[in-house]
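Undergrad: The whole structure should be built from the sequences, with the hints applied where relevant.
Protein chains in written order, with this note's numbering: chain A, 1 to 984; chain B, 1001 to 1541.
Since the hints were made in silico from the structure, they are not lab data.
All residues carry an ideal CB built from backbone N, CA and C; glycine is no exception.
There's no promise every hint is true.
To be verified - Just a few of them, taken from the derived set where beta-carbon distance is under 8 Å, the chain A residues facing chain B: (1) Val234; (2) Leu236; (3) Gly291; (4) Trp480; (5) Thr481; (6) Gln484; (7) Gly487.
Said to hold, decoys possible - Computed Cβ-Cβ distance ranges for the label pairs, DEER-style: (8) Glu1052(B) <-> Asp122(A): 40 to 46 Å; (9) Gly1156(B) <-> Trp483(A): 58 to 64 Å; (10) Ala69(A) <-> Ile1267(B): 54 to 60 Å.
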Amino acid sequence: MTKPNQIQRWLIAMTLFILCEWVIVYPALAGASQTKLPQGYPQTRRIKIKINQSWKFHLGGPDEAFYHADFDDSGWEEVCVPHTLELTSLALNGYKDDKYQMTFHRDVGWYRRTVRVSDNPDKKIFLEFEGAHQVTDLWVNGKHVGQHAVGGYTPFHFDISKYVRFGAENQVTLMVDNRRRDDCPPDPGPFDYIKFSGLYRDVYLVETDPMHITFNWEALKAGVTITTLSVDPVNLNATINIKTVVRNESDTARNCTVVNRIIDKEGFVVLKLIQTSPIAAGDDYEFNQIGGIEENVRLWSIHDPYLYRVNTLVLEKGQEIDFVETKMGIRKFELDAEEGFRLNGKLIELIGYNRHQHYGYIGDALPNSLHYKDMLQFKEFGFNVVRTAHYPQDDALIEACDELGILVYEEPPTWISIGNDAWFDNYEKAARVMVRNHRNHPSIVIWGAGINHRGYVPRAHYAIKQEDPTRLTASQNSRWTGWQTSGLTDIFANMNYGPVDWNRDEPLLAMEGGSGPATVATYKKDPMMPGIISWTAHAYYTFHPNRNPNDRTRGGSMSVFRYPGSRLFWYQSEMKEDPIVKIVREWKQGMGDLIIYSNCEEIELFVNKKSIGTFKPSTDPRYSGLDHPPFVIPVQAFEAGELLAQGKTNGKVMASQTVHTPGIAAAIKLVMDTTGRCFKAGGSDILVGYAMIVDKNGTHITDTSHRVHFTVKGDAFVVGDGADIDANPALAKNGVAPVLIRSGKTAGKVTIIANSEGLKSGSTVVETIPDQADMILANALPIYDMEKVKVDMGATGQLIQFDWIPWNSEDNQPSTLNLDAFGGIEASVKTVTGRGVIRWLGEMNVIGKFGFVYGEGVLGFDDEGLALEFKGLPSGKYQIKTYHHFVPVSKTDSMDPNREKLKTQNINKLPYAKSIHIKVIDANGEGAVKTANTTQGNNIQNRNPATFTTQFESDGKKSVSLIMKDARENKGVWLNGFELSEWP
Amino acid sequence: MKLNLMVLFLFLFVASSQLTAQDAGLPEGYPETPRKITCMNAGWRFHLGDAEGAFYGIDFDDSQWVTINVPHTLKLTSLALDGCQDDSTQPTFHRNVGWYRRFIDVDGSANKKVFLEFEGAHQVTDAWVNGKHVGQHAIGGYTPFHFDITTYVTPGKANQVTLLVDNRRRDDIPPDPGPFDYIKFSGLYRDVYLVETDRIHITFPWEERFAGVLITTPSVDPLNGTATIDIKTVVRNEQDKPQKCSVLTRIIDKDGCVVLRMNNSAIVVPASDKLFSQCGGIEENLHLWSCDDPYLYRVNTTVFCEGIPVDCLENPLGIRKLELNRHDGLLLNGKPIEIIGVNRHQHYPYIGDAVPNSLHFKDILQLKELGMNTIRTAHYTQDNALINACDQLGMLVYEEAPSWINFGSEKWFANLEEAARRMVRNHRNHPSIVVWGGGINHRGTVPRLHYAIKEEDPVRWTASNNSEWAGFQGSGICDLYSNMDYAGVPDWTEKEYLLAMEGGRGPRVISKYKADPLRLGMLLDRARLLQFQAAQAGISR
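TA: So, in structure tokens, the structure goes:
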């Protein structure tokens, strides 16, 4: 068996990690396709269908009139979105533009398809675009609907209700114009990256009722805005403000109810906010709701990126009219001027990379899976921050950051220069739309307000702050000119490639800079330097002058195909908890020092099974501040063969790696990167693979220049096949030839084969799964909206609080309480024999979260036990939580207004059961006996009172009882209150 | 320079001593608009009692009634509380009504809006104009309100106004029904104004979540001397046709120079409000507001229709940055500051709550002279003059809505929430205010109050003001944990900051707070207070 090499090990490790963690947690990613809405999910009049497929495409002809409804486009090529006007070679197709990009991809694309809309003529019909390069004109059934000319990086929509034929196919034509403009930033340039082209982000058909939630980017107040005004990582609660703008496009005023439900990961509603208002015809109305999660809020963090869902439902007379669902992560971030960046109260060093959205061959036209994969790879290397250099990026990227736990610095498109008034208006609009579109994402913590200008850009900062006062803005100065400070913005961010004019008055965030252990060390040891966002994660396409005309990609700790450079593995050792050993140089003659990245204390090396010594990490002062400097081991006498590195901590082997001296190129190992993702049929999705040149033992050979030719069996295509972009065959650079496989229309098995002359070919089989175009079905998860009632028991005068229903009664008699919950039920408390004794206690002070609940209650003595009975519960499942706490003496002092009354209490002197047997008698008969142990004390600030939780079932006829009895003898049973809720 | 100093001196003098004397003409550059605000404190005819008296008739003869001036208390009070033996639910003391009558002159221009504005009255107020009932305010005695009397008045004439100010005990108006450990005094005890505006006008700040003028400073950078200023202005169109309006907002420094202009236009449709949202900043020579240097800018908001100014208001703007960190505790403009101050009830001997603005100002001036830097407006919302004084003199404020330990009915809770919202809307533009109280001595936090306050004002801290005997000893849902510290706070976890919003006094106590950055500060118990708590014989109440 051949030993896996570095990249294979990395891919395998990721597979295991991801299969175990992510796919299970995120079923939507696994492509699980449901055909009907899950339990509790609203069925409204909103429809959202992805229309990425079946576009007819024509390149060029800006002055043509290809928009007529009856124009014959049958001779045009059929394409799928994301789409680039032209595929691109690493040599930028031989173009010689400068940074103004005068000619490259400066063309228009025509896109035509039909769209079927529903047959209800009252509906509003929209086309929604996540982004297109860069001016988009739309015609429906031959009529011009409108033009979007703000820029290529932000979303937009057109209302086509007046242009469509309902219940029929409608012809849609788009002209997507990427010609150079003076007024659309980053045009007219210069910019040091390529502005690619085409209809390169997802397109949707959206249908709604005339009364509907607006699109988030329409106005300062639009769509759904979620903010968390107080987040308390100590007491674990959060205050949540949700603003929802509903538009009434009917002819008459309508009464609108907005229900916002916050749903946890298991599907349970943890907060429900309801507000009703009439909306006049033609008006927008902002519903402003506030509430909170008051117990055990689960915070979002880079280590535990927990997401709640906010389901926003519009009702009218009880009918479900419209809805949207938004993910919500609750976190608190602070920039402490002395200590650094805090997330949920804990200091973290921001360590990550800039990320351009460029990809080899396809330019900006990445499918969502590759955006996700990029962030998954970030996470695997241990990065915790990404900057979306130099423009707003795909929704899929930001969603990935939310789900994976990566902080985001996002910025509107500009670069160094500033244009005319129209340019500035568009720049401001792009900034506002960026914020509106992404403001609900917990991952985003910083908005960039300018890129490398001569100082900060007040207009960008003001616009962003007006849109979102809750996040930090960063002035991103150039290091050559201008004031070197945060200026008006909240954070001073600068490029840190060398000396920076920084006087240490305020923290400095490097939003660009070098990478690797020595660079990161300078940040980690300095609390005034909260982080380094290195330049760049991946090589990106640019007309920046370079020496290699065959490869115009620049920078990058990974290739433009995401193949990682060895330096990145150091980040894993520094940032991740799992024990890691990575040998990063080939074991061969003349290799120089042996470099190993590991988070173990020491490394023992074995050459051909023989130990050659144990080594410690480098003590080079350049690395001071790091937890895990690299191991730099001089190779005294090289011996070809096998090298084993064992990482040890406290003498125990925690991780190890074996490598071999490379031999002669013999075969291709084809690794398709399927980890953490699925490969969707339909034609939009792309799977990336790496053909690795290996010797006969499977050891990777890096010094080859083979050309690898790829073929596919099954419904899929090699991207660039037949195009003149050197994609197939592809040159193996450093022994790796990349390949992009685009799915076909039908799902099924796909075999990819890699051949190269003189090498044994490699092949891999993957499977495509059907895509779900219905975005509501694709994303819907169950909602368990359970009614709940909370009852606080005690004598008259007991301390009571909001949300709890008081149950006060007299001693020594059965007591009943009528509750409105569950359609009206009756609760009663009595002794089972009817001969026992019941005492009610009030007015005891207890310190603790719900001290008012468990301060007082009922004490019941009976041979057969104390019964809590419910009559009239509708048929179904329920959960009950009961409180069993005893207060020996009240907490009080001279300031207490109840002090005098408390002196007369003596119920607390009666004997009580320390251990209680509890059983349920419900529709299923008598349940098993379980035990609860009574707690006691007048201060349980730092612990919880005894509670007992169980589920039961009602048949809708018989009453349900909870029987509580002293487990040992016949002392009194304490019951302070209960919470009763429906259960799924 | 000399002139500037003179202007500055005059401004300070006028503002601080609350003199209302105004020259015949407006000063240079000040917009002249249809808005008129006339103080109506003087010359009311007063009658004590007779709740059912129906004394509101236009022809009712009040010539035998006593003439009084506002601020007014139903009865003057001895230090012994007139010998009254009530308990802390105050069933009888000042539980009466007062009738107030006078004439007001209304502008002859027929097309104006006319309002009566009240800074506060104890505690239910009914108003009649020319014999017709205009409305009732029944939220509570500590927050402002107004009545639109446009359709009740005859322009250009003297119009009869009658008020019934009812302080009888209610179940649904906090802090009633009690108990509370202070006296709820009585009467038309805060200023009254006649406000006349154009039919296009800025709304009163307490009308809605978005109303009047809202000023926030989303970024303040003490180091680089810059600030971002967000201003939202709500304009109402009470004409019957749509009107294109522009809102000109000018930030004016203490010398009267405009340092920022923001101008936006929009069509305001009839019978609707339009929110104008503006964001800009001061990028050079920023002058921050602090306790030592309470520098105030003015925000002049002028509404134009077709180039003609139709409404104009001013708000104070003090630019400051508040932060918390574990080394230094509270930082004001980047510099550590220990909160050292007092609780302040609005009681005054003999006159109860009916304190003229000058005495509110004097209280803060006196505390400032004693070296205090913070007050808590125990246990309710206090006079605009007090908050203005804090702005002008550099005193931080912890303000709260009226409640005390117990809860009332749903209606009571709705009134408490409304009182909290009005408090925030009325005082949110004051730089001195740093903390809103989210409840007083309840058994833990009061989420409903916190949520209402946060919705109104997301930029300030709320404080859970727990009782020390019961409930959760933590900030809970509020931003800051505050508790009484009369003999230590033994249940404090020390995992979060502690603000002693009440407690002991003297160097030993203060030194404990100054030494610990987690202890943000101490507000001494009661500067002055009259109360019905079990008083020991011979001791004044």
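Undergrad: Hint by hint, note whether the structure agrees.
TA: So, going through the hints one by one against the coordinates:
1. Val234: holds (5 Å)
2. Leu236: violated (10 Å)
3. Gly291: OK, holds: glycine 291(A) within 8 Å of chain B, min 6 Å.
4. Trp480: With a closest approach of 20 Å, the tryptophan 480(A) hint is violated.
5. Thr481: violated (17 Å)
6. Gln484: violated (11 Å)
7. Gly487: Result: holds, 6 Å to nearest chain B Cβ.
8. Glu1052(B) <-> Asp122(A): 40 to 46 Å: Violated, since glutamate 1052(B) and aspartate 122(A) (Cβ atoms, about 57 Å apart) do not stay within the stated range.
9. Gly1156(B) <-> Trp483(A): 58 to 64 Å: Given about 59 Å between the Cβ atoms, the range holds.
10. Ala69(A) <-> Ile1267(B): 54 to 60 Å: Violated, since alanine 69(A) and isoleucine 1267(B) (Cβ atoms, about 37 Å apart) do not stay within the stated range.
Violated hints, listed in ascending order, are 2, 4, 5, 6, 8 and 10; each of the other numbered hints is respected by the structure.
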